[in-house]
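Dock chain B against chain A, hints included.
These protein sequence lines map, in sequence, to chains A and B.
Its first residue numbered 1, the first sequence is counted upward by one per residue in the UniProt record's numbering.
Its first residue numbered 1, the second sequence is counted upward by one per residue in the UniProt record's numbering.
Hints are not guaranteed to be accurate.
[Unchecked claim] With a Cα cut of at most 27 Å, we get these calculated BS3-like pairs of lysine-lysine: (1) A:Lys75 - B:Lys87; (2) A:Lys75 - B:Lys63; (3) A:Lys314 - B:Lys63; (4) A:Lys75 - B:Lys125; (5) B:Lys89 - A:Lys67; (6) A:Lys256 - A:Lys296.
I should point out that these hints are in silico values taken from the structure, not numbers from a laboratory.
Residue-level listing of the chains:
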Amino acid sequence: MSIDPLEKWLASDVHDPSDFPKSATTLRDLDGSLRCNICGELFSAPVTLGCGHCFCSVCVREAIQVKAECPTCRKTTNESHIRSNPQMEAAVEGWRNSRALVLRLCLEEEKRRSAPACAPSTISSTIKKRKRSPDSSSSPTTPEASNERPDKRANGPSSSSQEVTIIASADLVNCPICQKRVQMKRVNSHIDNGCRSPSSSDIERTRSKPAQAQKNAWSKILDRNVSGKGKAKERDGDCAPLPKASYQVLKDKQVKDLLVDQQLPTTGDRNAWIARHQRWVLIWNANLDKQPEQRKTISELRAELRRWEEGRSKAKKAPVVEDAVEYEKLNKAQFDRLIAAARPKNSRDTQTQTPADKPPDEGKENGGNDDDDDDVIVLD
Amino acid sequence: MSLPKETERLVADPAPGITATPHEDNLRYFDVTIQGPDGSPFQSGVFRLELFLPEEYPMAPPKVRFLTKIYHPNIDKLGRICLDILKDKWSPALQIRTVLLSIQALLSAPNPDDPLATDVAKHYKEDEKDAQRVSREWTEQYAMA
Chain A
1 MSIDPLEKWL
11 ASDVHDPSDF
21 PKSATTLRDL
31 DGSLRCNICG
41 ELFSAPVTLG
51 CGHCFCSVCV
61 REAIQVKAEC
71 PTCRKTTNES
81 HIRSNPQMEA
91 AVEGWRNSRA
101 LVLRLCLEEE
111 KRRSAPACAP
121 STISSTIKKR
131 KRSPDSSSSP
141 TTPEASNERP
151 DKRANGPSSS
161 SQEVTIIASA
171 DLVNCPICQK
181 RVQMKRVNSH
191 IDNGCRSPSS
201 SDIERTRSKP
211 AQAQKNAWSK
221 ILDRNVSGKG
231 KAKERDGDCA
241 PLPKASYQVL
251 KDKQVKDLLV
261 DQQLPTTGDR
271 NAWIARHQRW
281 VLIWNANLDK
291 QPEQRKTISE
301 LRAELRRWEE
311 GRSKAKKAPV
321 VEDAVEYEKL
331 NKAQFDRLIA
341 AARPKNSRDT
351 QTQTPADKPP
361 DEGKENGGND
371 DDDDDVIVLD
Chain B
1 MSLPKETERL
11 VADPAPGITA
21 TPHEDNLRYF
31 DVTIQGPDGS
41 PFQSGVFRLE
51 LFLPEEYPMA
61 PPKVRFLTKI
71 YHPNIDKLGR
81 ICLDILKDKW
91 SPALQIRTVL
101 LSIQALLSAP
111 NPDDPLATDV
121 AKHYKEDEKD
131 AQRVSREWTE
141 QYAMA
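Chain A with its partners taken away, still in its complex shape:
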């Protein structure tokens, strides 16, 4: 049995609390507690209901449309109880930005602890060892303690030496982004390259933050503010939530006008219009639950709506068969093959075990349960 597609897809960039090693339970808990119970993602526009439970705005609005209760505790609720939770949003944003680093450190730490300490017999490594000794002697070695160690300390002993170059430590600075040790004159090109340029790894930490790095850090912060303001301005006029419409009492023309008001496409039939407008109101209002600087632009929202409709129509179109007879003729070979494949499976299912597992019992069980063999149906 080939599980290639599965493996490929498991290896794809899906984040989950289980990314962290089993020993790091606290980090797993932290990662899990910043995720929406509905979609399993880190909260996007977190909102709180009257009961205090927190979800992504889009997820809970969608859930409430189906059933007006809290998905976690089932307490009756409605959209008017939704309150945005900017503190949680800030916490999630912080975690989102530091997660990769923490995960890397955590995995390195795990690797370091599981592998026996093998010291490469080069001069550079002995230098490195000696210089680091005060730090590593003070660092705790029990697994529990090392999990709770602050990042900075964990960084020291964990990043093991692969390509150790000897550079006078005065020349080295911390990259403000990835925290790697970089030669000061190279720090700009290092950052420009997205932190990929070779960093001289971990010789010794110097506390002094050079002016260049500081300048970079400041400009990063300032730049972000500037762009945030710009974005907010762009959307200034239209920050009011959209009201829900009661479509049942509206005539076709009025439903269409709702779309026209929002400059949305008016393709499809009445049902398509309603679904489109409903979704638009949902993602629009969910977007307003984000902090202004995090919000998506209108064109981004339009693109999101388009993707949602495409996904829906794809899912809907699949089972539609225009001409059943023609379809049957066209796919006869495939159907025959499936029927042939299903026959042995059918008898196997009622026996509840594969013949290969226990061939001697096969006949006996078959005999006892002939009357049940036709009971197997296919799940709809």
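For chain B alone, kept in the frame of chain A given last:
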């Protein structure tokens, strides 16, 4: 949307006594096994189930069915399961893992007052000892690998 993550979690960190493996050609379709809980008539049996996640999941519940024959008042002979969270008590905050754990719990605590297999439920209500004996027999006959 939430599908890959949840599958990964299931595969990476399965609940005790439960396995769920997605089909390679349809990642919404899972082969499931549940071990009969200790202390129940289904003890030491391994029951096969199929689980399908509809397009609307998680806003709609997954569809689950026993493939292994089982003598239980809330599971009929087609393998359909009478469990509130699979129907009107579904919540999008529930997950595949919680659903399967609930089914395992249902094996420990049959509820003949809300039956799906009426004859089995009647048996359980009239003579629980004898009904449990039949459940044990069926487990030995169908659910022992």
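Now the hints, each set against the structure:
Of the supplied pair hints, the one linking A:Lys75 and B:Lys87 holds, its CA atoms being roughly 18 Å apart against a limit of 27 Å. Using a Cα cut-off of 27 Å, the hinted pair A:Lys75 and B:Lys63 holds, with the two alpha carbons roughly 25 Å apart. Taking the CA atoms of A:Lys314 and B:Lys63, the gap is about 21 Å. The hint holds against a cut of 27 Å. Restraint check: the Cα-Cα separation between A:Lys75 and B:Lys125 comes to about 34 Å, which exceeds 27 Å; the hinted pair is violated.
Restraint check for B:Lys89 and A:Lys67: satisfied, since their Cα atoms lie roughly 10 Å apart, inside the 27 Å limit. With a CA separation close to 25 Å, the supplied pair A:Lys256 and A:Lys296 stays within the 27 Å bound.
Comparing the model with each earlier hint shows a violation of hint 4 alone; every other hint is respected.
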